[in-house]
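Visitor: Chains as they are written, first to last, in the numbering used here: chain A, 140 to 252; chain B, 3 to 113.
Treat the hints as calculated values from the structure; they're not laboratory data.
If you're wondering where the values come from, they're calculated on a predicted model, not measured in any experiment.
Errors might be hidden in some of the hints.
Stated by the list, open to error - Label pairs and their computed distance ranges (CB to CB):
(1) B:S16 x A:S194: 40 to 48 Å
(2) A:N190 x B:K62: 33 to 41 Å
(3) B:D57 x A:E142: 22 to 30 Å
(4) B:S87 x A:S148: 20 to 28 Å
(5) A:R219 x B:A19: 43 to 51 Å
(6) A:T239 x B:T72: 22 to 30 Å
(7) A:V163 x B:Y41: 18 to 26 Å
(8) B:G11 x A:I159: 30 to 38 Å
(9) B:S60 x A:T236: 19 to 27 Å
(10) B:E10 x A:S148: 29 to 37 Å
(11) B:E10 x A:V163: 35 to 43 Å
(12) A:M154 x B:E18: 45 to 53 Å
(13) B:Y41 x A:T239: 19 to 27 Å
Glycine included, each C-beta is placed from N, C-alpha and C at the ideal position.
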Amino acid sequence: EPEVTQTPSHQVTQMGQEVILRCVPISNHLYFYWYRQILGQKVEFLVSFYNNEISEKSEIFDDQFSVERPDGSNFTLKIRSTKLEDSAMYFCASFQTPATGYTFGSGTRLTVV
Amino acid sequence: GDSVTQMEGPVTLSEEAFLTINCTYTATGYPSLFWYVQYPGEGLQLLLKATKADDKGSNKGFEATYRKETTSFHLEKGSVQVSDSAVYFCALVVRAQKLVFGQGTRLTINP
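Only chain A is shown next, with the shape it has when bound in the complex (with noise of 0.2 Å):
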């Protein structure tokens, strides 16, 4: 069965710094989003990305983040000067249409220290 898969699984690094979270979406889907979960707590909506562009973005989502597709496959998730409270696990997902769901990758668990 298609997955969606992200990498790396686990990212461990220091305040202030920028990470990049990748993703490879399953190939015919045309919806994208990134998801994060704050250990223990509610999945946040991050934001969704379609025909190459955001669609779609939470509050959450400030100048801090940004998405790209910079090539056919791969979907990354870029956090610029990170802080304590980015930790969190953050999901990919992607669906060709609403109805048939989303297919979500395994998550990158992001410590910022």
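Start from chain A and add chain B according to the hints.
Guide: Just chain B now, kept in the frame of chain A:
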């Protein structure tokens, strides 16, 4: 705005017990409804879905029926196993908008 409310956890049951996790929603338009499961240390997996009123989603012995009149999508299983221990998330999506999650319900099954 669109929202999902799940029953508070944690929920602890004995093996072979009957499970219900309540989920209600508020949405503009006609949402598709989902249950996702997160096993310890893993990502989110789609458990089942329903795209229109009165549809029943089912998978691995779990079932949920899309009830428009009560705006509910309760998850049920007739006989739970230890391996069902996980966090369960109810969620909805309207058109191509973002997936909106409930707060999650942690389920622990004791042998």
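Visitor: Going through the earlier hints one by one, which of them does the structure break, listed in rising order?
Guide: none
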